[in-house]
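**Student:** Starting from the structure of chain A, add chains B and C with the ligands where the hints point.
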Amino acid sequence: MPVGPGEVWVVIEQEGGRAEPVSWELMGEAAALARKLGARPAAVILGSAGRQLSSAAFSSGAEVAYLVEHPDLEPYTADPHCQALVELAEKFTPQIILLGATTRGRDLASAAATELETGLTADCTRLDIDTTKKLLRQTRPAFGGNVMATIITPHHLPQIATVRPGVFTAPQPVEGVSGETVVLKPHIKATATAVKQLQFVPNPDTGVTLKGAKVIVAGGRGLKAGRNFALLEELAAELGGEVGASRGAVDAGWISQHRQVGQTGQTVRPVLYFAVGISGAVQHLAGMQESDVIVAINNDPEAPIFEVADYGIVGDLFEVMPAMIGEVRQRKLAAGAAASPALLKQGGAMRMEAGTGGESE
Amino acid sequence: MRINSVVCIKQVPDTTQVRIDPDSGSLIRQGIPSVINPYDLYALEAALKVRDSHGGTITALSMGPPQADEALRKVLGYGIDRAVLLSDRAFAGADTLATTYTLSAAIRKIAGELIAAGGAGVDMVFCGKQSIDGDTGQVGPGLARRLDLSQVTYVCSLLEVAAETRTVRAWRQREDGRELLEARLPVAVTITEACNPIRYAALPDLLRAAKAPVEVWSAADLEVEPDRLGLKGSPTRVSKVFAPPARERGETLSGPDRPPNEIAAALFDKLAERGLTIGGSRG
Amino acid sequence: MNGSQVHPAGGDGKRRPAPSRFGAIVVGGGPAGLAATYTLAGAGVDVACLERGDWCGSKNMMGGLIFSQPTAKVFPNFWHEAPLERHVTRRDMWLATGDSAMKVSFESTDFGAEPYNSFTVYRSRFDKWLSRRAAEAGAWMIPETLVESLLWEDGRVVGVRTGRPGGDLEADVVIIAEGVNHFLAEAAGLAAGPPKAETMALAVKEVLALPRDRIEDRFDLDRGAGAAIEIIGETTGGLPGTGFIYTNRDTISVGVGVLLDSLVGSTREAYSLLDNFKQQPQVRRLIQGAGLREYSAHLIPEGGYRYMPRLFGDGVLVAGDAAGMVNAINSEGANLALLSGQMAAQTVLSCREEGRFDAAALGRYRTMLENSLVLKDLRKYSSATNFLSSHQHLFGLYPELLASLAREFLTVDNMSKADKERLLARLFRSQVPVRSLIKDFYQAWRDLK
Ligand SMILES: Cc1cc2nc3c(=O)[nH]c(=O)nc-3n(C[C@H](O)[C@H](O)[C@H](O)COP(=O)(O)OP(=O)(O)OC[C@H]3O[C@@H](n4cnc5c(N)ncnc54)[C@H](O)[C@@H]3O)c2cc1C
Ligand SMILES: Cc1cc2nc3c(=O)[nH]c(=O)nc-3n(C[C@H](O)[C@H](O)[C@H](O)COP(=O)(O)OP(=O)(O)OC[C@H]3O[C@@H](n4cnc5c(N)ncnc54)[C@H](O)[C@@H]3O)c2cc1C
Ligand SMILES: Cc1cc2nc3c(=O)[nH]c(=O)nc-3n(C[C@H](O)[C@H](O)[C@H](O)COP(=O)(O)OP(=O)(O)OC[C@H]3O[C@@H](n4cnc5c(N)ncnc54)[C@H](O)[C@@H]3O)c2cc1C
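Chains as they are written, first to last, in this note's numbering: chain A, 645 to 1005; chain B, 4 to 286; chain C, 76 to 524.
None of these hints come from the bench; they were simulated from the model.
Be aware that one or more of the hints could be misleading.
Okay, the calculated bits of chain B under chain C, using three or more residues with CB under 8 Å as the criterion [claimed, not checked]:
hint, region
1, 197–205
2, 210–222
Straight line, CA to CA, 30 Å or less: simulated DSS-like cross-link-like pairs of lysine-lysine [stated by the list, open to error]:
hint, chain 1, residue 1, chain 2, residue 2
3, C, K353, C, K134
4, A, K680, A, K777
5, C, K271, C, K451
6, A, K855, B, K273
7, A, K777, B, K243
8, A, K735, A, K778
9, B, K112, A, K777
10, A, K840, A, K829
11, C, K148, C, K353
12, C, K353, C, K271
13, B, K243, A, K778
14, A, K680, A, K735
15, A, K858, B, K273
16, C, K178, C, K353
17, C, K271, C, K134
18, A, K735, A, K829
19, B, K52, B, K112
20, A, K777, A, K735
21, B, K243, A, K680
22, A, K778, A, K680
23, A, K858, A, K735
24, A, K778, B, K273
25, A, K840, B, K235
26, A, K855, A, K735
27, A, K735, B, K235
28, A, K855, A, K868
29, A, K833, B, K273
30, A, K858, A, K868
31, C, K134, C, K148
32, A, K868, B, K273
Beta-carbon label-pair distances, calculated as ranges [claimed, not checked]:
hint, chain 1, residue 1, chain 2, residue 2, range
33, A, K855, C, G241, 29 to 37 Å
34, B, T255, A, Q927, 22 to 30 Å
35, A, H831, B, K52, 52 to 60 Å
In this text, a Cβ means the ideal position worked out from N, Cα and C, and glycines have one as well.
Bound conformation, chain A alone (with noise of 0.2 Å):
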C-alpha cells in the first residue's frame, strides 16, 4: 500500500507491446502533474506486454509501473479490463487517472468510472492542478467545440479523465532511469458479459497520413490544376510532412479525398499547416484551425484564411511557393542536414495548447 498522496495514473493503451502515442504523451503530462501534487506518476500497463514497455514507461517519467498481468486482458475487451482496472485502483487508491480519449480509452473509462462510482470528465485538452484544493482542473471542449468547460470531481475520487490524443507532447524519453515494478494478477471473474474478439480488420493503407502528420502543405482551388500539386509535394517532401486539401480541390478532381482537410474530410492538428490558394471557408477551417502554426498564402488580401493564419501571405502563389522551396532548401544545406528532410521542433514542449490558447504545463 502507497504512503502519502495517491498516486498520479496513467493507463497505457497497447496492443501486443506496441502503445499508443497517446499514452506517452500522457505519462509526460502525468509527471508534471504528480510534481505539483508530490505525488508519484505511474503507468498502469495492463496485458501480458507489461515488462516490455515498463522500461519505456520509466523514461518518459513514470516512477512506478504497475504490470497487470493476465490471459483475459488481450486483446482488448471492456469488461476484463474494467475489472482488473477497478481492482487495481481499489487497492492502490490513485488520486488521478488518466487515459486517451480513444474509442479503447473511452470504452475503458466509463465502465471503470461507474464501477469506482466516481467523476470522469471526457475528452480533455488542458489539465492542471489547484493548488490549494489539490484537485484536477480538467478543461475540455463541448457543444461541438463552441464552449470550453473546466470540470472538476471535488470529493469523489480516483479522478478520472480521458484526454484527447495531440494535446501534449510526449516528453524525450530519457534513457537508464528506472522505477519501481509492482506485478499483480488480478482476479478476473469470467461473466456472462464477456465479449469476444472474433476478427480483426486493420484501416486499408491509403498512404496517407494526414492525422499524425507535424507538417500539412494544403492546397485549394487556387492551384489551378492538379499538376500543380507537385509544388506541394515539393515542399512537404523538404518539410518532412504530408500533402493535404480543400474540399474545392478534392471536387475538382486534382487530388484524392484521404487529403481532403476539414468538416466533411479530415480534422488535423500539425505543428504547422500551409494553406495555399485556399479561401478559408468555415467547413475548412473546421479541420485545421487547430494547429499550432498555420501561414496562408493567397492572392485576395480579403480571403477569410488570413483571419486564422499566423503569418499571412498576399501574393501569387505560383511565385511564392518556388521561393519557399528553394528557401528550405538553402536551410538544410547549410545545417548539413540534407539526408534528414524533418522540420524539427527544438526545446522540449514548445506546442501551443489549441482551444484553451495558453500553454501547456
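**Tutor:** Structure of chains B and C with the ligands alone, referenced to chain A:
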C-alpha cells in the same frame, strides 16, 4: 424468440448555434432549437432492424426537461411501442454517473413490466455513440455496467442477433481498424453514423404516434435513492464555461515590393523563433 | 407528476386508432390550415393535418405582425398563452425619398391593453403553438409529410397521397391550405396555373439580434411594447418596393418586399436590395450593432381578388395564401388565412349535417367569405386597381391618393401594396413639391384620426 429493446434518446440543442455570451460568460441556450441527438436516430434504426427480423418491442427512453417529450413524440412516429420520458427537477444537472443511475433504474422498471406482461425483460439497450452537446460517450458503457450487460461501443455495423444462442455480432470501429465482436445478450450497444440512417417513417405509424401517449416518470416512479440523482448524485462539477479563444489574425509577411525569396526567408526566420527549425539535428 | 401520466403537449392523449377514413384532411400547417384543423377537431371531427416541414412553422419566416381581433376570433384570448414577442403600441409610416424621410407615427394607449391591436411574433413559434392547440383539440397532426397529389374518385377529391410508405389518406373533404405556391389547388382544377409573376411580391427579411432594453431605448418604447414601421417610397434603390421594421423581444425584423416582375434576376438581387435598405441612414441608425440571426425569403401573392382561384370544388376547399387571400397592404395575410381557414372548417361542419361534400354544398364557403371581412376587403381592393390603372392624371391627384394611402396603411385594411408601390415610386420620381406633399399628407393623417 422476440427481442425487447430500449433505445436511449437525448434531446440536444443544435450545437452549431450554442455560444458563450461574451458579456456574462454564460451559455446562451435560449432560442436555440432542440434536435434529437443525431446518433440516437442511427441507434433507433438499428433497433428497428432487430425488431423487423425478430419481433419484440422497442421502448424509447429519454431523461430531460418536459419539452423533451417532443423528441419522443417524433421517435414514436417510427412505429415503436412505447415512449418514456424521465422528467423531474431532481434529475436536473446530472453528469454521466447520475444519468446512468437514473436511466438504469428506468430500464429495470421497463424490464419488470415486460416480464410482468409475460415477456423476457430487456435484451438490448441501444445508445448513440455520443451526444453532440455533452459529447462524452460515457452513458452507454455506464448503463452496461449498471445493468450487467455486455458492452459493445462504437458499433459501425450490427450484423446479426442470434436469438437461439442469445448472441449478437457487431463490427466495432477503432482508430486503427474494425473488429468483429461477439457478445451475449443482454447487451448495451452504442451506434455510430456508419450504421444505417433512420428509415422513412410510414404514414400509419405517424398517425398512431399522433395519438400515442408519451409516459412521464418522475423520481417517485423509480426505485432510486434521492442522493444519487441529478446534481447531488454527480461527482463532476462544471466550474467554469468559456468561449474557445478565437485565433487571432497574425502577421502579414508580404509587402508591396517584397520579393518572394525575402518573404520565404522571413517566414522561416519567424518559425525558427518559435522553435521550428529546418534541418537541425535532434537533441 | 405521477407515474404513467400522459403529457398533454403533443396530443389529447386518448390513444385512438386512426379512422380508415377521415372527416377532413387539411394540407398545410400554416395559419389557414391550423385554424381549419383546430376548428374541426374542436367540433369532434376526425381531422388530419399534414405539414411538410419538420414542425408547423418550421418553414415560416420569423418575425411578423399578427392582428389581435381576427386571431382572437379563432383563438379567443390567445394573448394569455401564445408565444408573442411584443404588443405593438406604435405604428409608423415613413415616406422615404432616398436621402430623406417623412415619418408619421400613430401611438395609442389602447394598443397596450387587452384586446390589444397587434403583436409581433416569431411565426416559427406561433405556428407551433397553434399546432399544439389543434393537437390538444384532438386532431392528428402529421409533420414532415409532403402531400404529393390528390386522390380522386368519380371526378371528386376523396383524399391525398403522400410520399410515405402506406401514404394514402381518405377523407370526406380536403382543405388545401398549402400557401402561396398552390400546386394542389392547381391539381384540383381550381387554379388555372401557377401564380403569375406580376401578381407576386418577393419579401426578403433578416432577423437581427439586439438586447431588449436597447431595442426599447432606440425605438422609444415602454417595456415589452413594440413598434412596427412601414416604409414606402424609394426604399429599395429605385425599384418599387416597401420596407418594414418590426421589433421583437430581443431581435428586430427588417425586410423589403418587391414585385417579382420588377426583379430581373434572382433572390440574390433582392438581398442586395435589402442591403441597400439597411444602409439608409434612417434605417441604419435603428439596426446598428445588431447581429444577423436569420434571413429568409418568401413570396406573397398580391394579385388580390381578381387573381384568386376558385375556392371550392367537389370534395375540396382552398384557404389562405393558396387562395390568394392576401390583403397586400401590410402583407396582412395571416389574418385572412386564419379567418378563411376557420370558415372552411365551418363550411365542412355545416355540410356534415347534410352528409354532402359536393361543390354545390361546399359553395356556401364562398358566400360565407363574401359576407365577411375577407372578401369584402379583397374586393374593395380590386376596384382600386381599376381606378388606379385607368387614371391618367395620377400626379394631380396626389393629395387624395396620399390620404387614401395613409388611410389604407394605417387602418389595416385593403389596397394593393403592389399598386401603391408603383404609384408612389412614380409620384416621388416626379417633381412633386415636397413641402406641399408633406403638408397634404399631414392633413390627411389628421383627418384620419
Ligand atoms: C456541408 C459542407 C461541407 C464542406 N466540407 C468541406 C471540407 O471538409 N473541407 C473543405 O475544404 N471544404 C468543405 N466545404 C466546401 C467549402 O465551403 C468551400 O467551398 C471550399 O473549402 C473551397 O475550397 P477552396 O478554398 O479551395 O476554393 P475557393 O473558395 O475557390 O478558394 C480559392 C482561393 O484561391 C485563391 N487563389 C486563386 N488564385 C491564386 C493564386 N494564383 N495565388 C494565390 N491564391 C490564389 C483565391 O483568392 C481563393 O481565395 C464544405 C461545404 C459544405 C456546404
Ligand atoms: C459543457 C458540459 C460538459 C460536460 N462534461 C461532462 C464530463 O466531462 N463528464 C460527465 O460525466 N458529464 C459531463 N457533462 C454532463 C453530461 O453532458 C450529462 O451527464 C448528460 O446527461 C449525458 O452525457 P452526454 O451528453 O455526454 O452523453 P453521451 O454519453 O455522449 O451520450 C451517449 C448516448 O447516451 C444516451 N443518452 C445520453 N444522455 C441521455 C439522456 N439524458 N436521456 C436518454 N439517453 C441519453 C443517448 O443514446 C446518447 O447518444 C457535461 C455537460 C456539459 C454541459
Ligand atoms: C416577409 C413577409 C412578411 C409577412 N408579414 C406578415 C405580417 O406581418 N402579418 C400578416 O398577417 N401576414 C404577413 N405575411 C403573410 C403571411 O405570412 C401569409 O399570408 C400567411 O402565412 C398565409 O398563411 P397560410 O396558412 O395560407 O400559408 P403558409 O403560412 O404559407 O402555410 C402553408 C403551409 O403549408 C405547407 N405546405 C405547402 N405545401 C404542402 C404540401 N404539399 N404538403 C404538406 N404541406 C405543405 C407549408 O410548409 C406551410 O407550412 C407576410 C409574408 C411575408 C412573406
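**Student:** Against each hint, give a clear statement of whether it holds in the structure.
**Tutor:** Against the structure, the hints:
Check result for the region 197–205 of chain B against chain C: holds, 3 residues qualifying (beta carbon to beta carbon below 8 Å, three or more required). Chain C is given as covering the region 210–222 of chain B, and this holds because 11 residues of the stretch bring a CB closer than 8 Å to a CB of that chain, at least three being needed. Between K353(C) and K134(C), the direct Cα distance comes to roughly 24 Å. Compliance with the 30 Å bound is thereby established for this hinted pair. Simply put, K680(A) and K777(A) have alpha-carbon atoms about 12 Å apart, close enough for the 30 Å limit, and the pair holds.
For the hint linking K271(C) to K451(C), the alpha-carbon distance of about 23 Å falls within 30 Å, and the restraint holds. For the proposed pair K855(A) and K273(B), the alpha carbon gap of about 25 Å is at most 30 Å, so the pair holds. The straight-line distance between the Cα atoms of K777(A) and K243(B) is roughly 16 Å, inside the 30 Å bound, and the hint therefore holds. Proposed proximity of K735(A) and K778(A) is supported: the alpha carbons are some 21 Å apart, at most 30 Å.
About 40 Å separates the Cα atoms of K112(B) and K777(A), which puts this hinted pair outside 30 Å; it is violated. About 21 Å separates the Cα atoms of K840(A) and K829(A), which keeps this hinted pair within 30 Å; it holds. Distance hint between K148(C) and K353(C) is unfulfilled; the C-alpha atoms sit about 36 Å from each other, more than 30 Å. Between K353(C) and K271(C), the direct Cα distance comes to roughly 29 Å. Compliance with the 30 Å bound is thereby established for this hinted pair.
With a C-alpha separation of about 17 Å, the suggested pair K243(B) and K778(A) falls inside the 30 Å cut-off, and the hint holds. At most 30 Å may separate the alpha-carbon atoms for a hinted pair to count; K680(A) and K735(A) meet this at roughly 23 Å. Straight-line distance between C-alpha atoms of K858(A) and K273(B) comes to about 17 Å, which keeps the hinted pair within the 30 Å bound. A threshold of 30 Å between alpha carbons decides the hint, and for K178(C) with K353(C) the separation of about 17 Å falls inside it, so the pair holds.
Taking the CA atoms of K271(C) and K134(C), the gap is near 22 Å; set against the 30 Å cutoff, the hint holds. For the hint pairing K735(A) with K829(A), the CA-to-CA distance comes to about 13 Å; that is within 30 Å, so the pair holds. At roughly 24 Å between alpha-carbon atoms, K52(B) and K112(B) fall within 30 Å of each other, so this suggested pair holds. Taken as a hint, the K777(A) and K735(A) pair is honoured in the structure, with Cα atoms around 24 Å apart against an allowance of 30 Å.
Note on K243(B) and K680(A): the hinted pairing holds, with a Cα-Cα distance of about 22 Å set against a maximum of 30 Å. About 9 Å separates the Cα atoms of K778(A) and K680(A), which keeps this hinted pair within 30 Å; it holds. Note on K858(A) and K735(A): the hinted pairing is violated, with a Cα-Cα distance of about 40 Å set against a maximum of 30 Å. Our distance criterion of 30 Å between C-alpha atoms is broken by K778(A) and K273(B), whose separation comes to about 39 Å.
The straight-line distance between the Cα atoms of K840(A) and K235(B) is roughly 37 Å, outside the 30 Å bound, and the hint therefore fails. For the hint linking K855(A) to K735(A), the alpha-carbon distance of about 38 Å lies beyond 30 Å, and the restraint is violated. Between K735(A) and K235(B) the CA atoms are separated by roughly 27 Å; this keeps the pair inside 30 Å, and the hint holds. Distance hint between K855(A) and K868(A) is fulfilled; the C-alpha atoms sit about 26 Å from each other, no more than 30 Å.
Annotation: proposed proximity of K833(A) to K273(B) is violated, straight-line Cα distance about 58 Å (limit 30 Å). For the suggested pair K858(A) and K868(A), the alpha carbons sit about 26 Å apart, so the restraint of at most 30 Å is met. Straight-line distance between C-alpha atoms of K134(C) and K148(C) comes to about 25 Å, which keeps the hinted pair within the 30 Å bound. Note on K868(A) and K273(B): the hinted pairing holds, with a Cα-Cα distance of about 29 Å set against a maximum of 30 Å.
Between K855(A) and G241(C) the beta carbon distance is about 46 Å. The supplied range of 29 to 37 Å is therefore violated. Between T255(B) and Q927(A) the beta carbon distance is about 25 Å. The supplied range of 22 to 30 Å therefore holds. At roughly 38 Å, the beta carbons of H831(A) and K52(B) sit outside the given window of 52 to 60 Å.
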